[in-house]
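S.K.: In case you want the letters, here they are:
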Amino acid sequence: MNPWERWVAFTGREVDSRPLRLVRVLVPLCILGDLLSSALHGVLPQVLYPASLGGLSAETASWYLLDGIGWGGPLLFGVALLAAPFAARGGVGTRIATVALLIASAQLGHLYPPGDRAIDRILRTTLLLLVFSAVSAPRVPSRVAAWPSDLLRWLLAIIYLQAGIVKLGAKPGWTSLVRSDLYEVMCNPMIGRLDGVTWEPLMPLFAAGGAATLVLELSAPLLITRWAPWWAMGGALIHIGIALTMDLGVFPYGMLAVYPVILGPFLLRALDRLAPWLPRGWGPPDATDP
Amino acid sequence: MRESLPQLRAALVALTGLAMLVLGFPGLDHLPNGWLQDPAARAERADRPLGWLWLAVADVDHHVRRPVERALAPLQRPLRIAQSWSLYGVGPNRARRAEIRVDGELWHRSGDPDHRWLHRWLRARRIRPILVNACRDDSPHAARLVEAIAAKARQRDPGITEIELRCTSQRWPGDGEAKTVLQWYAAAPEWSARR
Chain A
1 MNPWERWVAF TGREVDSRPL RLVRVLVPLC ILGDLLSSAL HGVLPQVLYP
51 ASLGGLSAET ASWYLLDGIG WGGPLLFGVA LLAAPFAARG GVGTRIATVA
101 LLIASAQLGH LYPPGDRAID RILRTTLLLL VFSAVSAPRV PSRVAAWPSD
151 LLRWLLAIIY LQAGIVKLGA KPGWTSLVRS DLYEVMCNPM IGRLDGVTWE
201 PLMPLFAAGG AATLVLELSA PLLITRWAPW WAMGGALIHI GIALTMDLGV
251 FPYGMLAVYP VILGPFLLRA LDRLAPWLPR GWGPPDATDP
Chain B
1 MRESLPQLRA ALVALTGLAM LVLGFPGLDH LPNGWLQDPA ARAERADRPL
51 GWLWLAVADV DHHVRRPVER ALAPLQRPLR IAQSWSLYGV GPNRARRAEI
101 RVDGELWHRS GDPDHRWLHR WLRARRIRPI LVNACRDDSP HAARLVEAIA
151 AKARQRDPGI TEIELRCTSQ RWPGDGEAKT VLQWYAAAPE WSARR
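Residue numbers (this note's numbering), protein chains in the order written: chain A, 1 to 290; chain B, 1 to 195.
If you are wondering where the hints come from, they were derived from the structure by calculation, not from laboratory data.
All values derive from a computational prediction rather than experimental measurement.
Check the hints yourself; a few may be wrong.
[Stated by the list, open to error] On the chain A side, residues computed to face chain B include the following (Cβ under 7 Å): (1) His41; (2) Gly42; (3) Leu53; (4) Leu56; (5) Trp63; (6) Ile158; (7) Val178; (8) Arg179; (9) Asp181; (10) Met190; (11) Gly196; (12) Glu200; (13) Pro201; (14) Asp247.
[Stated by the list, open to error] If you want the ones that stay clear, here's a sample from chain A, every Cβ over 10 Å from chain B, calculated: (15) Gly12; (16) Asp67; (17) Gly70; (18) Gly72; (19) Ala100; (20) Ile103; (21) Arg139; (22) Ile159; (23) Val215; (24) Ala243; (25) Gly283; (26) Pro284.
[Stated by the list, open to error] Here are the in silico distance ranges between beta carbons for each label pair: (27) B:Pro6 x A:Ala236: 33 to 41 Å; (28) A:Val178 x B:Ala151: 52 to 60 Å; (29) B:Pro67 x A:Glu14: 45 to 53 Å; (30) B:Val90 x A:Ile240: 21 to 29 Å; (31) B:Leu18 x A:Pro141: 25 to 33 Å; (32) B:Asp103 x A:Leu278: 56 to 64 Å; (33) A:Asp195 x B:Val90: 19 to 27 Å; (34) A:Met1 x B:Val90: 42 to 50 Å; (35) B:Gly51 x A:Leu40: 48 to 56 Å.
C-beta: ideal position from N, C-alpha, C; glycine also.
Please put together the full structure from these sequences, using the hints given.
M.R.: Structural data, given as structure tokens:
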């Protein structure tokens, strides 16, 4: 085979559909959870109203489609956001539901640009890839083409590598024993949950954590190799740490929602063992595939 | 037709992966538009150590990444999927806090367990970026934030006459003298925000 034929075979190879199906379930749930979290924090009036009706954003992006109908626009997109995850989970019109979720999430981003962050773009990119995947088909086969999973791994590798490279320019630095950037981030009074005075004596711990973070992020190209599941263990620890020590909202959960594609074999083994307690279709492919 | 579908899919996957790499290439999205394209700036940079490397980076950004970004803008902008990732790179070099004072009384202070009024609202991930950037004097939404805080304070106590959003900065670990870096006010009867 020449290189092009090998590439065609590689992108068309089939893999177990369960990791991608899990992403398809978890990403909409994260978006839904984020919206509910906004409601619980009491911020919906500020972020769902357009600027013309007293929303917090000084301006609404030009791509917002429903500026002319006042509060009806956010209501419509809010309902779409709430309904789409359930439609997607039910397998009814999954592809349409995924597109609706993607558009509704993007529209709310246009409505309120200052609150639309990198994690929203990551989740929407994931949704866009899922739209074209066989896991969004009405009847999901037990094995699907691997390319959406491969592109998600590629995306994660780029994102983590970028984060690692940017950290190299930090001063005094993530490995500094004087004042690690990890300490500054986690003890930042406006974002972190740790108290700077209490935790300062443990600076070597932060320096070690900073070094581990750097090593992990700079080794992100491993995500496109067979070592990805092992890398994912470290990545998951970072995100659990972020969830425990910082108020970054949906960010750690949204990132973990994409992890099934990199946990691959570990996840499949766990699903196989849990098969008796899981809904039909989540067990080993041989047992459930018609 | 069906025989050519795998070929088409392979080509599209390759193009998508390449576009993701070019658009999200580490470091490039932090460069200003037209960086190192001026002949004088290029000549000056070329004389520095590793100057050739910086010029190559600038050329990749100017001649490859930005044209790809422009070409894909009709897809990226409406769906808000810009492939530019600015995750946490550096920590703040000083401990910055936001304080809310109502008629001179401290109601809220970032990270202060004794002054937590509006804590959950200000920490919500869609509000916090405005507050953080307001304290860096870098948010076009700061005035609206101050007016929204004033409205919430009036809901709690309709008799108040003035609120102040004060941003402070301290040397780490954050227990020394606080320097005031920014102040916003809103006062009765208009309650419009002013510096």
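S.K.: Are there hints from earlier that the structure breaks, and if so, what are their numbers?
M.R.: Hints 3, 7, 13, 15, 20, 22, 28, 29 not satisfied by this model.
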